[in-house]
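Student: From just these sequences and the hints, can you work out the full model?
The numbering of the sequence shown is UniProt numbering, which starts it at 1 and goes up by one.
Hints in this document: simulated from the structure, not taken from any laboratory. Yeah, the Cβ is synthetic: ideal placement off N, Cα and C, and Gly gets one too. One thing to keep in mind: the hints can contain errors.
Once the Cα atoms are required to be at most 27 Å apart in a straight line, the calculated DSSO-like pairs of lysine-lysine come out as [said to hold, decoys possible]: (1) 138 <-> 117; (2) 49 <-> 31; (3) 12 <-> 67; (4) 137 <-> 117.
Label-pair restraints from in silico Cβ distances [said to hold, decoys possible]: (5) 126 <-> 8: 54 to 60 Å; (6) 185 <-> 157: 37 to 43 Å; (7) 202 <-> 151: 29 to 35 Å; (8) 12 <-> 55: 40 to 46 Å; (9) 61 <-> 126: 47 to 53 Å; (10) 166 <-> 188: 23 to 29 Å; (11) 9 <-> 86: 27 to 33 Å; (12) 141 <-> 192: 49 to 55 Å.
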Amino acid sequence: ESDLPSAVTLLKNLQEQVMAVTAQVQSLTQKVQAGAYPTEKGLSFLEVKDQLLLMYLMDLTHLILDKASGGSLQGHDAVLRLVEIRTLSSEDEEEEEAEDGQSEASGKKSVKGVSKKYVPPRLVPVHYDETEAEREKKRLERAKRRALSSSVIRELKEQYSDAPEEIRDARHPHVTRQSQEDQHRINYEESMMVRLSVSKREKGRRKRANVMSSQLHSLTHFSDISALTGGTAHLDEDQNPIKKRKKISQKGRKKKGFRRRR
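Tutor: Next up, the structure:
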């Protein structure tokens, strides 16, 4: 008896909501019958889904009516139909995700009337707000990786490790790549019986590779491993930009030319 007033209130609210939904459905049905919403070119999948939802609501209303009349739901036919419809609806969710793109394309085509060329969205650069602490942490990690790959740490590992000694090619990668290119060039010249010219850019690149492969500069140079010992590492030692050679202005200088003989 204590729940009777709240039950009556809920029934009144339910009646008002049912009347509002009924009016909305009747208005929508009239618009469809009048041709305001053309449905002859719709997707069959959505039509089946609407039919299942309508059947579900009808069976659910039937169950509510029987329950309100004091009937029993055990062995009711509507219960089995509701379970079947719920199972089909849950299985159709994956198909619905696949049909979303097709339904959107059909909707746009029906509104605009003409299918246009697909234009992918432009990639807009986003500013990355990096704090000074994060930059310092990244520089410290780079310094640690550089220290772990240094020759000093590598020699210490080889000295105190029980693993067999590895013998590897000690040539610099630039020298290896340069030697491969030279060998390919020689093979081409010998097979084609022709001499290829060497550009200034290629000569400069070879010269820089030879300088990088020189081991004399490393006799008195020791890698910085202070990042591993807790000291202050030279975090930006390899980040110094290469200074460009200043161009001498040619303004004001006269061009040299040949004097014309008389």
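Student: Evaluate each hint against the coordinates.
Tutor: Hints versus structure:
no. : hint                    : result
1   : 138 <-> 117             : violated (44 Å)
2   : 49 <-> 31               : holds (20 Å)
3   : 12 <-> 67               : holds (17 Å)
4   : 137 <-> 117             : violated (47 Å)
5   : 126 <-> 8: 54 to 60 Å   : holds (57 Å)
6   : 185 <-> 157: 37 to 43 Å : holds (39 Å)
7   : 202 <-> 151: 29 to 35 Å : holds (31 Å)
8   : 12 <-> 55: 40 to 46 Å   : violated (28 Å)
9   : 61 <-> 126: 47 to 53 Å  : holds (51 Å)
10  : 166 <-> 188: 23 to 29 Å : violated (35 Å)
11  : 9 <-> 86: 27 to 33 Å    : holds (29 Å)
12  : 141 <-> 192: 49 to 55 Å : holds (50 Å)
Hint check: violations occur at hints 1, 4, 8, 10; the rest are consistent with the structure.
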